[in-house]
Structure formats: structure tokens, C-alpha cells
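Given next are the chains, with one letter for each unit.
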Amino acid sequence: MSDEKAPDQAAVDQSPENAPATTDPEVHAVGVRSGMFGVKGSGDTSGYGGLVQPVVLPGAAQRPFDGWHEEVASALDVALAAGGVEHAVESVVIHRREITFHIRREDLPAVAQVLRDDPRLRFEFCAGVNGVHYPADTGRELHAVYHLLSMTHNRRIRVEVTAPDSDPHIPSIVTVYPTVDWHERETYDMFGLIFDGHPALTRILMPDDWPGHPQRKDYPLGGIPVEYKGGSVPPPDQRRSYN
Amino acid sequence: MSTTEDLYAGTSETSEGRVFTVTGQDWDQIAEGLAEEVEERIVVNMGPQHPSTHGVLRLILEIEGETVSEARCGIGYLHTGIEKNMEYRSWVQGVTFCTRMDYLSPLFNEATYVFGVERLLDIEDDVPEKAQVMRVLLMELNRISSHLVAIATGGMEIGALTVMTIGFRERELVLDLFELITGLRMNHAFIRPGGVAQDLPPGALDEIRGFVALMKKRLPEYAALCNANPIFKARLEGVGHLDLEGCLALGLTGPVLRSTGYPWDLRKSEPYSGYETYDFEVQTWDTADAYGRFRIRLNEMWESLKLIEQAADRLAGLEGAPVMVDDKKIAWPSQLAIGSDGMGNSLDHIRHIMGESMEALIHHFKLVTEGFRVPAGQAYVPVESPRGELGAHVVSDGGTRPFRAHFRDPSFTNLQATSVMSEGGMIADVIVAIASIDPVMGGVDR
Amino acid sequence: MGIEEKLPSGVLLTTVEGVAGYMRKASFWPATFGLACCAIEMMTSGGPKYDLARFGMEVFRASPRQADLMIVAGRVSQKMAPVLRQIYDQMPEPKWVLAMGVCASSGGMFNNYAIVQGVDHVVPVDMYLPGCPPRPEMLIDAILKLHEQVQTKKLGANRLAEIEERENAALKALPTSDMKGLLR
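Sequences listed follow chains A, B and C, in order. In this text, residue positions in the first sequence follow my numbering: the first is 29, and each later residue adds one. In this text, residue positions in the second sequence follow my numbering: the first is 124, and each later residue adds one. In this text, residue positions in the third sequence follow my numbering: the first is 4, and each later residue adds one.
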């Protein structure tokens, strides 16, 4: 037990009773959230401004999984091994009964082909690609998320691929799932993720000569202050906000 | 005004050749210019402002005579940045944004977003039964109103104007019901995380039953006008053909997929909100063309009427049941009422939070200012919207705002089939094919 | 323009203004510029329950060359703005613009990168109609108010005098951003 409990010592070090109870053994931290009422600097006398909370996403799950998750995971392992890409799956996250496979981006086309064609997997339907930008997840800022549905077996999985901001390239799976054509174009338009092998990767929602990629976190919302008879309300991204 | 003087209409040389903008009084110039080009192909731009392109859709057609050799869609003319806007609002305020995406089926947008949020909050099983039944009721009413617009505008685009007037006449009945239950005709923001915003008003069940009875007399009119109509059949049969392989490759769902004969409906295969306890059939047709999709939409309206009847019967037995989840840290706190100075918190609610319960006041304050926090993670819960699979991919980082909310909109994916459906056909068939896909550009562009 | 522009101010011009105004407002054809949710409410106003045909307006002309009124119904995105201007330019005089809904009037709830914050950045607007979406009755109310404007629109020399008078008044008026103390 530590002798002096200094106020600036971390709570966990002050006493073992202060350790938070964790139900998830592994979590994946992506940055911190500081403060509570959006006040920075002086003016915050509540003390909440000093709060620092880690932002944690659900962590990797341990094999064996439950139910059909295990079926799909082992079928995928077998099929990938047969295809020569055993280490494509970096980790598997199971959260709220939804399973997410984190795949290495180089192996994505092979994995997609296997997911679609293997009879035990048979994920014939790709609902689309989505991009998510985690600026605090250094080295893996841009995520591309694919939702796959197997109509034969009536189950859904998610495949997630990451790319760093410095090298935002992900191989395209248009040849496997033609439906992601426009989805990949939209993800390129909104996030700047370049899908190598896409036949015509151009902007689809913004005008063709628009600079920047709007849905990235470093792109401002772009509103203007609203004025009404002498009063002015700043746009949503510049207002004081709660965390 | 000749083309050279008009700022937007000047003839320009591009990498693809010369571009002419026809604005009038310039026929001589155009004819001359075209005579100079040796090429036979003409690229025609239809839209984005066009009465028949179902919204702000730009169609770029390469035609030879009347036959379309290449058809491309230009979209993005209604891009609103809703998904980015939702990142700056709380989770409940996100409902008011997402409801305006696919503006003909607003309750489905809300439902898929709210299901995703509820899955992250892990309260999927705690949503009270009355809320679930009300959600089913509202979604099926929305399905009827959306199919009515699909049929009405589809009819208008091929020239059947009576179908348009009767379609909108029936839709008014549905909108009156929406106004009675949710307060608004469109863009309701009624389905909220945890339940629905307000309880059914008194007298609503009678109105619903009256509506069902009336619709049962009115729906046969559409069948009588269109089903065996030779002009209608001639324009719709065989047009926009896309078989099952094509549908699955291009990721199409909804009536287009069901017109190939494959009975895929998320209400049956992945039921949500208690759909597994209702009795209804999945409608299919086997011709995989525009006529089949029209018949499916008509039949789906009948099925929705069945579902509404069943929901109304259940609601009759759920008088006084809660419509919001019990957890006070999530449930939207206030009930609105019309007072002497307009609409605001009902006096009962104010008495409760100011006089009776400190916790209620704190909850009200925290929920309205900050909003609840959703545990970190991602969820994707799709629903069967009138156009197909509509899913919201909701990502949370543990905060009070959506970190990312992306909507997999069926119209966005279904529109990719335009090229496949139109190339080789005639220009008029392009219109019919797109009308049979029934895209809503708000959902396409978000 | 026509001969009515050359008439001198007086009783004759006033009578012609009245007649021309009546003709214009009684058969006031809108151009289809429905974009989003407001377009659906506009369509229902043309439908049987809230009949626009009783005002002579049920013919939504697809071609802007044949239209008098452009009802901008819905949110105008950055990509759509040049198209909006082109359609407006193609309409022949006299023309009016009604901004239907808050998105057309001021950008509405979408205060962001993708939406033009009010179509008056792109075209001159004669009537703003708030609502999200405005009920068909609200749209008809706005159209009727616009009818009054159309009826009383001056021609020729009277018009030039009116324009000058309005400009002078606007130059002297207090801008709304200087009107303080009104937010109570």
C-alpha cells in the first residue's frame, strides 16, 4: 500500500479499491475524451474540465466463439488456409451479437472471394462499403466497413479494413461484389480512401471539382452563423458542446 | 439569344468532343456543328430538373435514334451532408436528421437508426410492447403511403394522370393518420431510442379502423385502372428486366428482387419489432420486369392493410401501457401538450419534475441538454423499407453524439441497375425502368 | 417588352396594370423544381384534396420557357445551384420565385458544407415560405400572397419609379443585423 496519497496521483495508484471493474478483458483504446461540458481554459470552476476518459472500442474476442460465429470463423479459417492467405484475419470483435472480422487490407479481395464462394460461408450479398475516420487511432485512421449477408444461411457479418491517413489505399472488391461500385466511389468522395482496381473512382455526391473529403473528421461542418435581428448563433460545429 | 452569348450554354470543346447546350433559337448553329462532326452518337442529358426522372436524377444517355446504347446516372444533386450533420447532434436529435433522408419513408429511416442505437445501448429487449406495436403500425402505414407515391408518380411519368390524382388522394388519408398520431404529416421524428415519442391519442384506433375499411374499397380502383389496361401492360411488360443473378450481383433488394420470384423480405428472414408474431405473406411475381414490380407494390399494400388491422387489434388491448423504455436515463422525458401559449411541456410533467421528483428533474435536464451516452461499438440493423434493405451503420465512441451514422440506402444501390435495365431499350423505357426501381433521391444522395 | 411598357403614367397605365396583373395571377404556371420533401407537399397541393387547379396552377410546366413561377421546393445542394440558376435564366420575364420550405429560404436545419444557405444566394426570391415541410395550406397561402404581389405589380414608367423609391428606402433603412434588443 502506498504511504502518501497525493492528490495528483492517479486514482488507481492511490488505492487498489479504485480500480475500475472491467467486464471486457480486452479493449481497444482510440484516444481520450477530456473535459465534460466543452469548456476550455478558465471559466470552468466545476473541475469537470480536468476529466480525462479514454475512448475505448470493444476489444478482440477469444476463440472459441458462440454458436454460428464459431462456425463462420472456422469455415473462414479453413477456406483462407486453402487459399494461402492464413493470416488475413487480424482480429475478430464480437459485440452485441454482431461479429466483425478485421482483415489486413492486402488480403481483402482474396477474403471477399472466399466469403462469397465457399459453400459454408456463401455471403452472396454485400450491403455496401462505409468509411469511418478515427483520427486518434494512429496508423489505422481510415476504416472501411463492409456488411455482408448470407441469404443462404441467413446471417450477417461485418468485415473491417484499415488504412493509415498517409497511405489511404484499399484494394477494390468490385470484381467480387459489383454492387460496391457506387459505394466505393462514395467512400472515396467522402473520406479520400482510394480503392485500387476500381474501374472509375470519381466523385459521386459532391461536385466533380470539390476540394477535400467532407466526412473526414478534420473537415469542418462548414456552416455559417445564423443571424437574426442582432443576435447570432454560431454553426453547430463551433458551438459550445457537451462531450 | 444565341448559344455563344449565354453563359451556361456556350458550345464547348471537351475531351470527349464538342458539347452543345440547346437553349432555343440556335437550331442553325447546332445543325451546322453537328454536320461537322462525323460521329453518329449523340449523348443526351436528361435532368437533373426533369418531370419524369423521379427527383433530381441526371441521366446521361448515349442514343442512336431512339435506342439507348449507354445509360449513366449522375447523382449527388441532393447531397445534404446529413450523416456529417448527425455527428454534431445528440443521439435523439439524430432522429430528426435521418428522417429527412428518404423522405417518402421517413419512419423507416428513423426505425433503422433507432434499432442500431438500441442495439448499442443493449435495450433491444426492454422496448415496451406498445412501442413495438406502434412502430409496426406506423411503418406499415408508411409503406402504404410510399407505395402510393411510387404508383402515382410512376403512372404520371408514363402519362396516366388519373393514377396520380387517386394515388395522392389515398395518401392524404394516410397523412391524416400520421398527423393524428405523430403530429406531423411528413418527417415525423417519432420513433426514438427506447420507444416512441408519445402515446396514441384517444380516438386513433377508430380512425385507423375507418381508414382500413376505406382503403379496402379504394385499392381495387388501382387494379381496375391498371392491371389489365393494354397501354399500361404494353409500357411495363418486359421493360427493365433484371433476373435473380443480376439482382444479387448488383445488390438489389425490395420489390425489384421479389419480382424475380425470390421471396426475400427482412420482415420474415430477420424480424424486428415483433414482426415474427404477425400474419402476413411476402409478395413475389415471376416476370422480373416493371409490371411485376408494380403488381408487387399493389399486393404489398394489401398485406400492409392486414398488418395494420392486426396492430390495431393489439393496441386495443394495450391501453395505458408505456411507450418508452423504463430506464429513465434513456427514455425521452417529456410529454408535450398544447397550452395557452402554444406547444410545450405538459403541465403534468412540469409539476412532476419541479414538485415531485428531483431525479426526474435531473434526468430531464441531462437528457435534454447533453443526451444519453451510448456505449462504444458499432451496429447495423437493417429494416425492409418499401424500396429494399435500409440499414443504418451506427458507430459510437461512447459519447453523447453519433461518431458516425451511415445509411445504406436501398435507392442508392438499386439505382446502379439503371444501366443494366436500360441499355438496348428505348428512351421511354428508361423512364419506366427507373420508375419501377422507385428511387428516392433524398436517400440516394443523403 | 410590349406596348404596355411604353404607356405614360396615368389612368390608362393603371387600368392596364390591373388587367395584366389579373391575367398573370389567374393563370400562374409553376415550373417543376421539386427537389426533396417539399416537392412531395407541392405535389399534394396539386392533388385532389388541396387543389391548386382552382387557382389555375395545376399545370406544372416541365419546360421553364413556359412557366411564370419557380417554386424552389427543397434543399438546394452545391451541385444543384448552377442548375437552379440556369433554369431561372431560361424562364422568360415576368417571373417570380417562391422559396418553399426552410431549406430553400435559409438553408433550414442543414447548416453545412453541402447546402446553399438560402436560394436567395442564387436567384432573387419574391416569397419565402417557412416550414419543414410547409403544409399544403401554407403553400397555398404563400401563393395567394404572391398573387397579390403579382396583381399589384406595376408596369413601364410606374415600375421604374417604384424601383427607385424602394431602393432609396432600402438604402436608408436599418439593416436587420443592427436591430438590437429584440431577442427577448
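By construction, these hints were calculated from the structure, which means they are not laboratory data. Fair warning: this is a prediction, and the values are worked out from it, not measured in the lab. Just to be clear, a hint being listed does not mean it is correct.
[What the hints assert, rightly or not] Computed cross-link-like contacts, BS3-like style, restricted to lysine-lysine with a CA-CA straight-line distance of at most 30 Å:
#1 Lys183(C) to Lys257(A)
#2 Lys52(C) to Lys340(B)
#3 Lys52(C) to Lys339(B)
#4 Lys245(A) to Lys489(B)
[What the hints assert, rightly or not] Just a few of them, taken from the derived set where beta-carbon distance is under 7 Å, the chain C residues facing chain B:
#5 Lys82
#6 Val86
#7 Asn161
For every residue, glycine included, the Cβ atom is placed at its ideal position computed from N, Cα and C.
So, against the hints stated earlier in the document, which numbers end up violated here?
Hint 7 alone not satisfied by this model.
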